[in-house]
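As they're listed, the protein sequences go chains F and Z. Be aware that the first sequence starts at 1, since it is given in the working numbering, and climbs by one per residue. Be aware that the second sequence starts at 1, since it is given in the working numbering, and climbs by one per residue.
To be clear, the hints were calculated from the coordinates, so they are not data collected in a lab. Backbone N, C-alpha and C define an ideal beta-carbon position, used for all residues, glycine too. It is possible that part of the hints are untrue.
Said to hold, decoys possible - Pulled from the structure, derived: some chain F residues nowhere near chain Z, Cβ distances all over 12 Å: (1) S35; (2) T70; (3) H191; (4) A200; (5) L203; (6) S204; (7) R292.
What the hints assert, rightly or not - Covered by chain F, according to a simulated footprint, are these stretches of chain Z (three or more residues, beta-carbon under 8 Å): (8) 105-114; (9) 234-240.
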Amino acid sequence: MADETTAALKQQATEGDQGHQPSARQLERERFRRSRKRRDTWIAALCTAAFLVVVCVAVVASPGWVRVHTLFLNGAEFRKTFPSILHGFWLNIQMFLIAEVVILVLGLLIALVRVTRAPGLQPLRLAATVYVDVFRGVPTLLLVFLIGYGLPALQLQGTPSQPWVLGVIALTLSYTAYVAEVFRAGLNSVHPAQRNAARALGLSEPQTLRHVILPQAVRNVVPPLLNDFIALQKDTAMVAVLGPLEALREAQINADYDFNYTPYLGAALLFIAVTIPLTRYADRLQRRTAQRQRAEAAR
Amino acid sequence: MSEALLRIRGLRKHYGDRLVLRSIDLDVAEHQVVCLIGGSGSGKSTLLRCVDLLDQVDDGTVHLGGVELTDPRLDANTARRRIGVVFQAYNLFPHLSVLDNITLAPTRVHGVPRKQAEDSARELLARLGLADKAQDYPDRLSGGQQQRAAIARALATEPELLLFDEITSALDPELVGEVLDVVADLKQRGLTILMATHEMGFARHAADQVCFLEDGVIREQGSAEQVLNNPRHASTQRFLSRVLDR
Numbered sequence: 001m002a003d004e005t006t007a008a009l010k011q012q013a014t015e016g017d018q019g020h021q022p023s024a025r026q027l028e029r030e031r032f033r034r035s036r037k038r039r040d041t042w043i044a045a046l047c048t049a050a051f052l053v054v055v056c057v058a059v060v061a062s063p064g065w066v067r068v069h070t071l072f073l074n075g076a077e078f079r080k081t082f083p084s085i086l087h088g089f090w091l092n093i094q095m096f097l098i099a100e101v102v103i104l105v106l107g108l109l110i111a112l113v114r115v116t117r118a119p120g121l122q123p124l125r126l127a128a129t130v131y132v133d134v135f136r137g138v139p140t141l142l143l144v145f146l147i148g149y150g151l152p153a154l155q156l157q158g159t160p161s162q163p164w165v166l167g168v169i170a171l172t173l174s175y176t177a178y179v180a181e182v183f184r185a186g187l188n189s190v191h192p193a194q195r196n197a198a199r200a201l202g203l204s205e206p207q208t209l210r211h212v213i214l215p216q217a218v219r220n221v222v223p224p225l226l227n228d229f230i231a232l233q234k235d236t237a238m239v240a241v242l243g244p245l246e247a248l249r250e251a252q253i254n255a256d257y258d259f260n261y262t263p264y265l266g267a268a269l270l271f272i273a274v275t276i277p278l279t280r281y282a283d284r285l286q287r288r289t290a291q292r293q294r295a296e297a298a299r
Numbered sequence: 001m002s003e004a005l006l007r008i009r010g011l012r013k014h015y016g017d018r019l020v021l022r023s024i025d026l027d028v029a030e031h032q033v034v035c036l037i038g039g040s041g042s043g044k045s046t047l048l049r050c051v052d053l054l055d056q057v058d059d060g061t062v063h064l065g066g067v068e069l070t071d072p073r074l075d076a077n078t079a080r081r082r083i084g085v086v087f088q089a090y091n092l093f094p095h096l097s098v099l100d101n102i103t104l105a106p107t108r109v110h111g112v113p114r115k116q117a118e119d120s121a122r123e124l125l126a127r128l129g130l131a132d133k134a135q136d137y138p139d140r141l142s143g144g145q146q147q148r149a150a151i152a153r154a155l156a157t158e159p160e161l162l163l164f165d166e167i168t169s170a171l172d173p174e175l176v177g178e179v180l181d182v183v184a185d186l187k188q189r190g191l192t193i194l195m196a197t198h199e200m201g202f203a204r205h206a207a208d209q210v211c212f213l214e215d216g217v218i219r220e221q222g223s224a225e226q227v228l229n230n231p232r233h234a235s236t237q238r239f240l241s242r243v244l245d246r
């Protein structure tokens, strides 16, 4: 970021006064800054390398290392089990994608119901409030058990019976409550002056919400929403307790069969492979939002 | 002169325990520019908010062209369509381009076809010296340009009455002039304007009527010449000597 700023300043400077020759003093300053930067880079690299060496030596030299190595870092076991875990992971991705779409739609609807004041919507408003209060309070894993075993036990007509579908329902119920609150916070975060300006133009309450409040609210909540979806992506593993052959369940079966924990590590790597890029992307969005808000505040 | 366009009688407003407006009587005739002056907290902005129904009045009436705006049976949105407001802090919509800021109300509220709304918006922008800013977003504009865009937005619905709430107070001194020139032009074109302002120089040459507010009442009211140059009330004299001696 600091680099971008200096680059922008330099750009401005070169555009502003063509042919400016930096003074000897400025050249000397820049030389000093460059050498200081080189020195800092060296120090950072050396410290990191030293740190890694110390950690590696400490780990490998520890008395339990041999057991850890054979039980958790077994190459042959990894190669043998990884394909089935990867296959299972595809189910995690599917559950994640389906749940995410439903959660976004339901979450937004619930948030909208909660912020509007139309008297006819009072029962819905009440229901939405109770729903959010209850489902944010129940641990997600408990909800997976309740829906996964409880719903089929009701033997109602039309209730799904596949465990992964039940798992998706449980995750959706839990996360929709969170996401609805994120949306609601976003709607409330838009400055009241915006609402006044819209109402002063004669826009009705729904028009104000649709054209003025909602677009700004959504823009503000994209980074926190992404954070919730990173968590959701991981939590698809909870569905393992219901038995569908997703990544964790596959890993568990293999680990139990071979008395080796390397399959768990394989599953962990898969989750990380998805969540780390998502996290980086969320970080970048958050930085951009912060920059924009600073720019807006500066005016 | 016949019935005033805007007619305020016995207007009263309090926020909690604080009585902001005690009893306001004010007439604004068509094509008139009326300036509200007074210290901060004297009730100028509250008065404007009550006229536009952004705040509920606690007593008294506001009539616009014979229609009582303060009647709760009246649809507030219908009433607001006849009034244009410009705020101190511009309050442009940051997610919309200048053009979309201006066409939002004509297209969504007044049912003007988009093409026609855009044409009139561009015309307005050209008149206010913002022809090249139509596609820009508000955060790319200077304060003076933003406020002129906000004025264009308020004009786009062809309101019968304009309310300006200290529209130059947030601007750097060198940008105040460009906005006040726009207001003077609107007066030339015969628009009816009720504005709260701290610009005594502007009030002196542009206002048909000046009202000095203090403690929620209009202490003195009359032509600009009379109120600003020969104030009768001691409190008006004190206020003017405070703001003019700076």
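Does the claim that S35 of chain F lies off the interface hold, with its Cβ farther than 12 Å from every Cβ of chain Z?
Holds, because the least Cβ-Cβ distance between S35 of chain F and chain Z comes to about 39 Å, which exceeds 12 Å.
If we take the beta carbon of S204 of chain F, is the closest beta carbon in chain Z still more than 12 Å away?
Incorrect as stated: the minimum Cβ-Cβ distance to chain Z is 5 Å, not above 12 Å.
May I ask you to check that L203 of chain F keeps its beta-carbon over 12 Å from the closest beta-carbon of chain Z?
violated (6 Å)
Whether chain F covers the stretch 234-240 of chain Z (at least 3 residues having a Cβ closer than 8 Å to its Cβ atoms)
Per the Cβ count (0), the hint is violated.
Taking beta carbons only, do three or more residues of the stretch 105-114 of chain Z come closer than 8 Å to chain F?
holds (count 4)
Taking 12 Å as the cut and beta carbons as the points, is H191 of chain F off the interface with chain Z?
About 8 Å separates H191 of chain F from the closest Cβ of chain Z, which leaves it inside 12 Å; violated.
Closest CB of chain Z to the CB of T70 of chain F still more than 12 Å away:
Correct as stated: the minimum Cβ-Cβ distance to chain Z is 58 Å, above 12 Å.
Status of R292 of chain F, Cβ more than 12 Å from any chain Z Cβ:
violated (8 Å)
Taking C-beta pairs only, is A200 of chain F more than 12 Å away from all of chain Z?
violated (4 Å)
In terms of the numbered hints stated before, the structure departs from hints 3, 4, 5, 6, 7, 9, listed from lowest to highest.
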